[in-house]
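Colleague: First to last, the protein sequences are chains A and B.
No gaps in the numbering here: position 89 of the first sequence is 210 in our numbering, and each next residue is one more.
No gaps in the numbering here: position 2 of the second sequence is 54 in our numbering, and each next residue is one more.
Errors might be hidden in some of the hints.
With a straight-line Cα cutoff of 27 angstroms, these simulated DSSO-like cross-link-like pairs (lysine-lysine) come out [claimed, not checked]:
{"hint": "1", "chain 1": "A", "residue 1": "512", "chain 2": "A", "residue 2": "477"}
{"hint": "2", "chain 1": "B", "residue 1": "176", "chain 2": "A", "residue 2": "477"}
{"hint": "3", "chain 1": "A", "residue 1": "290", "chain 2": "A", "residue 2": "327"}
{"hint": "4", "chain 1": "B", "residue 1": "176", "chain 2": "B", "residue 2": "247"}
{"hint": "5", "chain 1": "A", "residue 1": "546", "chain 2": "B", "residue 2": "247"}
{"hint": "6", "chain 1": "A", "residue 1": "315", "chain 2": "A", "residue 2": "290"}
{"hint": "7", "chain 1": "B", "residue 1": "247", "chain 2": "A", "residue 2": "512"}
Partial selection, computed: residues in chain A whose CB lies under 10 angstroms from chain B [claimed, not checked]:
{"hint": "8", "residue": "228"}
{"hint": "9", "residue": "512"}
{"hint": "10", "residue": "519"}
{"hint": "11", "residue": "531"}
{"hint": "12", "residue": "535"}
It should be emphasised that the hints constitute simulated quantities derived from the structure, not laboratory data.
All C-beta atoms, glycine included, are put in the ideal place defined by N, C-alpha and C.
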Amino acid sequence: MSDYREMWEELGLDLQAHDGLLEVLPPLYQETILSQENRPEGMGYFDFVFSEIHGLRVKELVEHRAQGGVVVGTFCTYVPEELVIAAGGICVGLCAGAQVAEEAAEQYLPRNLCSLIKSSLGFKLAKVCPYIESCDLLVGETTCDGKKKYYEILGEFQPVHVMELPQRKDEVDRALWRSEVRRLARRLEELTGKRIESEPLREAIKVVNEKRRALLRLAELRKSDPPVISGRDALLINQIAFYDDPKRLAEKVNALCDELVERREKGIFIGGSHRPRVLLSGCPMAIPNWKLPAIIENSGALVAMDEMCTGIRYFRHLVSEEATDLDGMLDAIADRYLRIDCAVFTPNRERLEHIKELVRDYSIDAVVYYALQFCDPYTVEAFRVRQELEKDGIPFLYLETDYSAEDVGQLTTRVQALIEMLETKSGSS
Amino acid sequence: MKVAGLDIGSRTIALVEMDDGTVSFSEVVDTTFDPLEQCRRLLKDRDFDLLVATGYGRHLAQANFAHQVITEIKAFALGCHHIFPECRTILDIGGQDTKAISVSPDGRVVDFQMNDRCAAGTGKFLEVMASALGLSLQEMGEVAMGAEGEVKISSMCTVFAESEVTGLIARGTPRPLIARGLHEAICDRAASLLKRVGVARELVFAGGVARNPCMRHLLEERLGMPLLIPENPQIVGALGAALSARDSD
Ligand code: SF4
Ligand code: SF4
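Isolated chain A, as found in the complex:
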């Protein structure tokens, strides 16, 4: 990737620190992703995109900006990508999934804050993320307290627009959110100097819906038992969906799905053990956070579905394509995003129902709850999820962790004990 050095330098990256980061990725990728047996060929595209994570895609962003386009960075699935696209921009998810410059970040942030937020600032301070450095605007949102207050600090480095996300789903909340969607549209118009028109917005809605439909199709294929794709590969695709070109991504996901259908018909399944089937539920897992899925799958189970923002929560709902005018489209967008069932909402009954639905639809044997340490919304909501699943007799394993690797042994023991428990339950010993 040496020919990108100039580009990285122009983006203001700290080349030495950046080299260090790029050095750890390939071995980790080899160990966690590439070493899996019998992967479908269609994964080749995603392997390529990952290998070019700070290369080709960043180059596309740079070229897009050179032609007058804007790049907008987001940290949460509540920020409507459609608006950015309709404004002629590119939207990239900036969630950070590795521990970077933690000490530097702790000069700004308290120690007891979730890894996602801390490492997000770490990436910024260490100047190792070409994506955030390519952004003309960052869009935050008032989800959890940690992020909300973090955006104030982030605003000292780069322009940040914060959307006010309500925490309930009543009519007043909907009215607020609809107006917040419009406020973001205006901010984007100021940024580009152009109005967001209804035709490009209609097109943008279609493009993003197509991406979601493709990901939904893949999700549907994960019901297959024996499985046609591993949880790790599915997670990787979801993670890439946050920053890749949406049209191209949809195309590649669909091509992969075609292959998976064909393989299933021929009786070709992925390597390794296929049982038990686990539902991962909880906080998002940003690239390259594959720690828990790797532990689960290396222990012989399958992550059959992820109830996370880097899973089905990201693409489950479509924006209605019925609206004819701009106002109607903006409302349809707002309404779609308000349906997301993040734990920052109260009450959040939808999430409990959805988890139970996934357990049924994906023939789930156990739910593994993934909570980032210090994440109040998800650690607290775990209680209700457990309670709900216990009623149905679904085994539930709660794991609280962060981005460090020091607890891998302990996590492995718990996951393996869960698997042993399920195996004896189903008769074999």
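Start from chain A and add chain B with the ligands according to the hints.
Modeller: Relative to the frame of chain A, chain B with the ligands by itself:
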């Protein structure tokens, strides 16, 4: 048929050998900084049809000589159930972690809980506190047992609790009261872990800390039931692994 179970824990390594279903040999050694070498010494000149490893070092063993591995959770369930067939709940306070396990009448794991990653409430915690009090582990257990009253230790974090203890000593608080308070704190922790899996009789108390009489006494009082304690609590995991080897054939 000759089988063996090897439990590679953070402090000790235990080997249990079974010949046609009965225990024929057992030995416990310290883990040291070279667990693999310790295992090799334990296994030297011994031959088994099947060797099952458990404990935090089980994967190391599998990479080198063990035929199969099981987690310490399953191993404890099998081992405790073998010694006490009426066992339904297990509390294991080991060097690095604390586990509560609920088992079915036939010895299967039904549910389990483990402490979080830190050493709060484990054997390690007691060790650190004993040295802060200038006592050996055994002495600390004894003075705690004899204490008339206790002071409340509010912190369960090993680092914070240590400074709390130092502060109490500086204020002239008698050591027996502090020692008692520390035992109470661990007892609270263990009881809440147990409640999460449900406490059903009989309750077996295993792991190194089970040899501490004060802890036993406090737990029995707190839970309102007698505890069953294996004669040699340190080999329960290895016994479970050996049983798993015996049964997998
Ligand atoms: S978990 Fe909640 S706050 Fe985090 S990205 Fe998802 S929706 Fe946003
Ligand atoms: S993981 Fe939890 S604490 Fe962290 S940013 Fe997301 S909602 Fe906030």
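Colleague: Please go over all the hints and tell whether each is borne out by the structure.
Modeller: Against the structure, the hints:
1. Restraint check for residue 512/A and residue 477/A: the C-alpha separation of about 11 angstroms stays at or below 27 angstroms, so the hint holds.
2. Straight-line distance between C-alpha atoms of residue 176/B and residue 477/A comes to about 40 angstroms, which puts the hinted pair past the 27 angstroms bound.
3. Proximity of residue 290/A to residue 327/A is assessed by CA-CA distance (about 25 angstroms); at most 27 angstroms being required, the pair is judged to hold.
4. Among the hinted pairs, residue 176/B with residue 247/B is consistent with the structure: their alpha-carbon atoms are about 22 angstroms apart, no more than 27 angstroms.
5. At most 27 angstroms may separate the alpha-carbon atoms for a hinted pair to count; residue 546/A and residue 247/B meet this at roughly 22 angstroms.
6. As the CA atoms of residue 315/A and residue 290/A are separated by approximately 32 angstroms, the hinted pair breaks the 27 angstroms bound.
7. A hinted pair counts as satisfied when its Cα atoms are at most 27 angstroms apart, and residue 247/B with residue 512/A qualifies at roughly 18 angstroms.
8. About 21 angstroms separates the beta-carbon of residue 228/A from the nearest beta-carbon of chain B, more than 10 angstroms, and the hint is not met.
9. Here the hint on residue 512/A is broken, as its CB sits about 15 angstroms from the closest CB of chain B, past 10 angstroms.
10. Checking residue 519/A against chain B by beta carbon gives a least distance of about 9 angstroms; that is within 10 angstroms, so the hint holds.
11. Taken as an interface hint, residue 531/A checks out: its beta carbon lies about 6 angstroms from the nearest beta carbon of chain B, inside 10 angstroms.
12. Given the 10 angstroms rule on beta carbons, the hint for residue 535/A holds: about 6 angstroms separates it from the nearest Cβ of chain B.
Consistency with the previously given hints fails for numbers 2, 6, 8 and 9, ordered from lowest to highest.
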